[in-house]
Amino acid sequence: MAMSAGPESLENIYEGYLDCLNRKDWQNLSQFVAVDVRHNGRPFGLSGYREMLEGDFRAIPDLRFHAELVVANPPMLGCRLVFDCTPVGELFGRPVNRRRVRFDEHVFYHFENGLIAEVWSIIDQAAIGRQLSGPEPA
Numbered sequence: 000m001a002m003s004a005g006p007e008s009l010e011n012i013y014e015g016y017l018d019c020l021n022r023k024d025w026q027n028l029s030q031f032v033a034v035d036v037r038h039n040g041r042p043f044g045l046s047g048y049r050e051m052l053e054g055d056f057r058a059i060p061d062l063r064f065h066a067e068l069v070v071a072n073p074p075m076l077g078c079r080l081v082f083d084c085t086p087v088g089e090l091f092g093r094p095v096n097r098r099r100v101r102f103d104e105h106v107f108y109h110f111e112n113g114l115i116a117e118v119w120s121i122i123d124q125a126a127i128g129r130q131l132s133g134p135e136p137a
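In numbering that gives the first Met the number 0, the protein residues as written are 0 to 137.
No lab work stands behind these hints: they were computed from the structure.
Worth double-checking, as some hints may not be accurate.
Derived CB-CB ranges, DEER-like [what the hints assert, rightly or not]:
(1) N96 / N72: 18 to 26 Å
(2) E10 / N96: 18 to 26 Å
(3) R101 / V69: 16 to 24 Å
(4) N27 / N96: 31 to 39 Å
(5) L131 / E7: 24 to 32 Å
Nothing here was measured: the structure is a model prediction, and the numbers come from that model.
We put the beta carbon where it would ideally sit given N, CA and C, even for glycine.
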């Protein structure tokens, strides 16, 4: 998918990528993610990246990717993703067991030829811990 590298086109590509994730349209993930994609310095490849995302949806069936803030400076794009969800078991090693949690992910993407080639992600796990340390909702 060769597209121009302007900020608007990166934002459009990213919007399509998030839509692809939210629809769990794994067949079309390759329209947005490079075959040799890296995640946090690890060479996942497209199949490993897809497996990671499928695992996220198994752990969090109501997972929705919502971009609250997107900044593009080609070939880079940064985003603050906001999640409001109910994981079924554990999340990042913490028992959640269908308790609703809200947290953010700050993620940076490097694009090559209109595809996500590298991802750096930091999830606010402390926010999850603060929510789980209180009493269970009635």
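Verification of the supplied hints:
In this structure the hint that N96 and N72 lie 18 to 26 Å apart at CB is violated, the actual value being about 40 Å. A C-beta distance of roughly 37 Å is found between E10 and N96, which places it outside the suggested range of 18 to 26 Å. For the hinted restraint 16 to 24 Å between R101 and V69, the CB-CB distance of approximately 19 Å keeps it satisfied. Checked against the hint of 31 to 39 Å, the C-beta distance between N27 and N96 comes to roughly 33 Å, which is consistent with it.
Under the hint 24 to 32 Å, the C-beta atoms of L131 and E7, about 40 Å apart, miss the expected range.
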